Amino acid sequence: MSNRVVVTGLGVVSPNGVGISAFLDAIQKGVSGIKFIPHYRDLNFSCQVAGMPAFEWESLKNYISEVTFHGLKGTNIGYGLAAAMDAWKDSGMAYDTDEPRWETGCVFGNSIADTEAMKNVISKVDNKEARKLGSRVVEQAMNSGVTSYISGRLGLGNKVITNSAACATGTQAILMGYEYIKHGYAKRMLVGSAEHVDTYVFGAFDSMRVLSRKFNDEPERASRPLSITAGGFVPGSGAGALVLEDLDFALARNAHIYAEVLGGSSNSGGQRQGGTMTAANSTGVKRCVNEAMERAGITGNDIDLVSGHLTATNADRQEIVNWTEALGRAGDDFPLTNSLKSMIGHSLSAAGSIETVASILQIVHGFVHPNINLEDPNPEIADLINLERLPVKMIKKEVNIVAKANFGFGDVNSCLILSKYK
Amino acid sequence: MTREEILAELKKVIAPYTTNKEMLAGIDERTDLIKDLKINSANLVDIIIDAEAKYDIEIDYDSADKMVNVGNCIDVISEKLTEKK
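So the protein lines, in turn, are chains A and B. If you use my numbering, the first sequence closes out at 1409, no skipped numbers anywhere. If you use my numbering, the second sequence closes out at 108, no skipped numbers anywhere.
Please keep in mind that the hints were generated in silico from the structure rather than gathered at the bench. Computed from a prediction, not measured in an experiment: that's the story for all the values here. For each residue, glycine too, the CB sits at the ideal point set by N, CA and C. Please note: incorrect hints may appear among the correct ones.
Label-pair ranges, simulated between beta-carbon atoms [said to hold, decoys possible]: (1) B:104 with A:1083: 39 to 47 Å; (2) A:1172 with B:52: 20 to 28 Å; (3) B:45 with A:1082: 43 to 51 Å; (4) B:77 with A:1084: 19 to 27 Å; (5) B:45 with A:1115: 34 to 42 Å; (6) A:1146 with B:68: 49 to 57 Å.
Produce the entire structure from the sequences given, and follow the hints as far as they go.
Put into structure tokens, the structure is as follows:
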């Protein structure tokens, strides 16, 4: 049980940058990936902005055969494949293998299949043309579509599983991969998550009145975590992926090591004590963070950076309250905290993995990315912590330990403790 | 349509489903779709659906089962085209 687990590869498809170098540049400069979507205006959505990656669909031919590419329609699968293949390549390994890689598994999460792609299926069935659907629908409709495409391309032969825990999916996937290696069941796990917020899911969130609606004419300002004018989140799409390895296994092949996963926790507030389908039980959140720190062998004082969930809803303030209580730090003592969602919106299942990639880049390159759009911080948050702890410009500094947490519908929580590799 | 004409068209239908482009260029009536062209057996369904659309014919399940090599495919397609007339 003393195995250490390290990160040896990174891949990302983000609304503000596709590929690690573009993404790193964007988060250092505070570049927004939020755009106005004319189609959403035509559909009478209240929120008409979104974070959509500038993803070249044809680029998937760099990763999979033309036969596999032909008939691939699931946008979430495309994003997940690209991020996972990039992470794999980044870790210094080849794609092709004749033998299954028995030592390597995959935990990759997502929410639902691409409903827009499924629309064609529904209309064919309703038109009594089910026999024309062909062989490629089921594999993309199934929740395990993403992991199936990834593991098939790379011949992954250990545990292959798709997880789903709403907005906590990404951090949970990484934690599950970490635990599997830690327990000695696998030497390497390709982990991450993907999300494509299609028109129909977007519409359903729009109807819940939880989306940003007052900045449709200024899309780059629309995602405003921690701000007094934060009026809802901006849906985003994309994927993040990491290669996790047993330390000795990684050292034996001279792999480049980005960072270490020290531990984590995933729990639920049970939809009790104020927790509901859509709101977090604060006791559950704090337990999750405390368990993560305890398992990582650190205390709240060791944390240099909190990568928050912080979606830009009225839950932001309570999240800060929870962090102050879980870490036992407030006011001037509160750790530096940022929300990547200010730049890319909230990419639901993919949020945790994209934000973890960002966290690791901040550890590796020694910086704290800015919270953009925080020109008018919520005064009720200013009562809790020194606002300088919420940087609005990039800070260059050594970052040793990051706490990365996400909280999702169903009252589910996940927290990871990431560290510089020493 | 002659058998040669159907073969030429069939190549286009099969093309998206095989990575073996050299083999595809030189196919003849004996070429086996799965063994020679390495087509995933699940994708045979897609070739049949595409052929139905291309020739505006309907290939029933029993006929589809016969479409193992290129010659069988041409047999079934020309039979269905004749029925259509």
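Checked hints:
1. B:104 with A:1083: 39 to 47 Å: With a Cβ separation near 42 Å, residue 104 (chain B) and residue 1083 (chain A) satisfy 39 to 47 Å, so the hint holds.
2. A:1172 with B:52: 20 to 28 Å: violated, 51 Å
3. B:45 with A:1082: 43 to 51 Å: The hinted range 43 to 51 Å is violated for residue 45 (chain B) and residue 1082 (chain A), with Cβ atoms some 22 Å apart.
4. B:77 with A:1084: 19 to 27 Å: violated, 36 Å
5. B:45 with A:1115: 34 to 42 Å: holds, 41 Å
6. A:1146 with B:68: 49 to 57 Å: Violated: the Cβ-Cβ distance is about 30 Å, outside 49 to 57 Å.
This entry does not satisfy hints 2, 3, 4, 6, going by the numbered hints stated previously.
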